[in-house]
Amino acid sequence: MSNKLEQYYYEAKENKWYGYFAVFCRLTLAVAWIISGLVKIKGERFAAGLSHNHPLGQYFDALLNTGYYYTFIGVGQVIVAILLLIPRTALLGAISSFPIILNICVLTYSVRFEGTRAATFMLLANLFLLCWDYNRLKSILPFKQDKLDAYSTKEKPLKSRFPFLFFGGVVATLALVVFLNNIIYDIRPGNSPEECWNGCPDNNNPKACEEFCDCIHNKGKPIGKCLEEYEKAK
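The opening residue of the sequence shown carries number 20 in our numbering; numbering runs sequentially from there.
Honestly, I wouldn't trust all of these hints.
Below, a list of computed lysine-lysine pairs in the DSS-like style, where the Cα atoms sit at most 25 Å apart [stated by the list, open to error]:
#1 K178 / K32
#2 K226 / K253
#3 K240 / K226
#4 K226 / K244
#5 K178 / K35
#6 K35 / K23
Hints are computed from structural coordinates only; laboratory data are not their basis.
Sequences and hints are given; from them, build the entire structure.
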């Protein structure tokens, strides 16, 4: 199985479409980190439209008040973006980016943020970039190391055959992320009070939903406490 995966990997490295996709992932992540980093460097609150009583809004408010630590985070994100943009340092950028986006992804899911889909897409793109440079990372992985075969030691002309199966899998994965995010929670706080209350008519327990929105956006209680009250109200 390991040999088959490696063979598939080296064949993919010879296909220009996989290479284009790797460049696309690099550019997308870099743009995201530049936007996020510049907001912090300028001293502005990230996700300015997010309710201040939203759990993530409270987190961003507290982070903004940390002073130069907030700026430090922004500088770090911009540096990661620059590393991703330069082909020679792209792997270092992907390695540096991974713990950042993993942390963000866990954070957004823990507070039921509406941006969980975007964070998940970024995490998947980052994972692809790490897999793309597997031949450079394999020496530090805790697996039995085989000698490099012909695929990794010889330069070959890039193939132009479009990998329909791979890109079909990419589309299916993105659709699955969107679908699961729509059903994984029966209630979310929304990014604003209006968004939260507007979702209550479609909730199985509209009254409990309204109490949850009031708990989050008016009373500013922790999401765990509000979820406990929501379950009791149901």
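Tested hints:
About 9 Å separates the Cα atoms of K178 and K32, which keeps this hinted pair within 25 Å; it holds. Of the supplied pair hints, the one linking K226 and K253 holds, its CA atoms being roughly 8 Å apart against a limit of 25 Å. This hinted pair checks out: K240 and K226 have alpha carbons roughly 18 Å apart, not beyond 25 Å. For the proposed pair K226 and K244, the alpha carbon gap of about 17 Å is at most 25 Å, so the pair holds.
The suggested pairing of K178 with K35 holds, with an alpha-carbon distance near 6 Å, which does not exceed 25 Å. For the hint linking K35 to K23, the alpha-carbon distance of about 20 Å falls within 25 Å, and the restraint holds.
Taken one by one, the earlier hints all hold for this structure without exception.
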